[in-house]
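Those protein sequence lines, which keep their order, are chains A and B. In our numbering, each residue carries its 1-based index in the first sequence increased by 80. In our numbering, each residue carries its 1-based index in the second sequence increased by 80.
Derived from the structure by calculation, the hints contain no laboratory data. Each hint should be verified, as a subset may be incorrect.
Put simply, identical chains are the same to the list, so a pair is met inside one copy or across any two.
[What the hints assert, rightly or not] Derived DSBU-like pairs: lysine-lysine, alpha-carbon spacing no greater than 30 Å straight-line:
1) K202 - K116
2) K134 - K95
3) K202 - K95
Number of protein chains: 2
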Amino acid sequence: MNSRLLEQAVGELSKLPGIGRRTALRLALHLLTREKEEVRQLADALDRFRTDIKHCSYCNNLSDKDICPICADASRDRSVVCVVEQVGDVMSIENTRQYNGLYHVLGGVISPMQGISPSDLKIDLLLENIQRQGIKEVILAIGTTVEGETTLFYISRRLQQFPDVKVTTIARGIGFGDEIEYADELTIAHAIVNRTALK
Amino acid sequence: MNSRLLEQAVGELSKLPGIGRRTALRLALHLLTREKEEVRQLADALDRFRTDIKHCSYCNNLSDKDICPICADASRDRSVVCVVEQVGDVMSIENTRQYNGLYHVLGGVISPMQGISPSDLKIDLLLENIQRQGIKEVILAIGTTVEGETTLFYISRRLQQFPDVKVTTIARGIGFGDEIEYADELTIAHAIVNRTALK
């Protein structure tokens with residue numbers, strides 16, 4: 081490339097996941113068509129996001145303050161906590177508007193392959209919160225990968241120390257809009273065995 | 081979203097072409113897994129690129145200096161100029177390593193629909209360069225869209241004032257790896273009429 085500045089911009093953009101050099105070049109050339117002020121806003125937003133973002137000291141969710149808006153919201157049901165793998169999962173569940181309890185973001189799943197052990201996740205904080213806040217139900221909303229199932233099993237074992245706390249997992253089955261023909265055997269098996277009465 | 085900082089980062093990222101809110105969110109959450117210093121490098125590279133980049137005062141190509149490396153390169157053939165629509169086209173042609181002349185970047189094509197008239201393009205600069213530098217051949221390497229053909233026609237008319245300058249366009253035909261079955265009629269018609277002898 082002719083320009084070191086362009087080369088650097090393309091190099092940095094192509095470090096982003098799913099963005100190759102071709103796309104990075106297209107994005108960089110697009111930025112040239114925008115006002116300098118607009119590009120600075122983009123750059124500032126990214127830098128400030130990374131530098132200033134905090135994690136809620138109760139639930140480990142992303143937050144601008146020490147306590148996130150969900151934990152600070154007095155109208156939410158403080159007797160239920162929904163345990164999720166990552167920040168994006170909180171947004172997905174919030175978007176459904178079907179849940180009004182608290183969350184707990186683990187920050188990953190147990191993965192020996194990637195060197196992530198239980199101590200790398202916010203599991204102790206979860207147990208502390210349950211004890212401190214009088215939680216009555218823990219919903220484990222963790223993905224059904226091998227790592228996810230391992231994490232689920234590990235946490236449910238640790239939760240046995242609270243015999244009065246109900247532990248649930250999100251429902252497994254055929255998704256809405258999915259065809260049975262294309263679902264995997266495990267899912268179909270689970271869906272048949274755990275069939276629900278229509279009436 | 082719970083965090084204004086996240087909201088801003090996602091908002092700015094989703095202004096980029098081909099990046100929707102879902103992808104923007106994925107990119108933003110990815111940035112959280114990187115070091116602060118790395119994210120700052122990305123932000124700086126984008127801002128510096130947009131703020132400090134120049135256009136070569138001869139050929140209008142992107143450049144870190146007033147004259148781009150291609151125009152400044154004494155080993156290039158200064159009797160030929162290849163006229164292209166945009167900066168990316170220079171890179172595409174350079175990548176082939178089949179061309180050793182100069183370039184001229186128009187900065188777009190004539191498009192009444194988008195309000196781009198000939199005076200918005202660097203056509204006068206091209207004519208000046210041809211006169212000043214003793215150009216012997218002008219290669220018009222412009223895309224075959226309606227706007228491209230209009231621009232090609234317009235420039236070739238303006239070039240009639242230089243009767244000694246040869247004007248060519250890049251070869252049209254069936255691309256390598258393309259199947260004739262899937263080529264459009266215009267291309268096939270052109271390829272048949274302008275067939276080349278094998279020997």
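- Given identical chains, is K202 near K116, meaning Cα to Cα at most 30 Å, within a copy, between copies, both, or neither? Answer is between; shortest inter-copy Cα gap is 21 Å, intra-copy 41 Å.
- Item | Homomeric proximity label, K134 with K95: Cα distance no greater than 30 Å | Classified as both; 24 Å inside a copy, 25 Å across copies.
- Message: As a check of your reading, is K202 near K95 (CA-CA no more than 30 Å) within one copy, between copies, both or neither?
- Response: The answer is within: 28 Å in one copy meets 30 Å, while 34 Å across copies does not.
Violation of the numbered hints given earlier is absent; every hint is satisfied by the structure.
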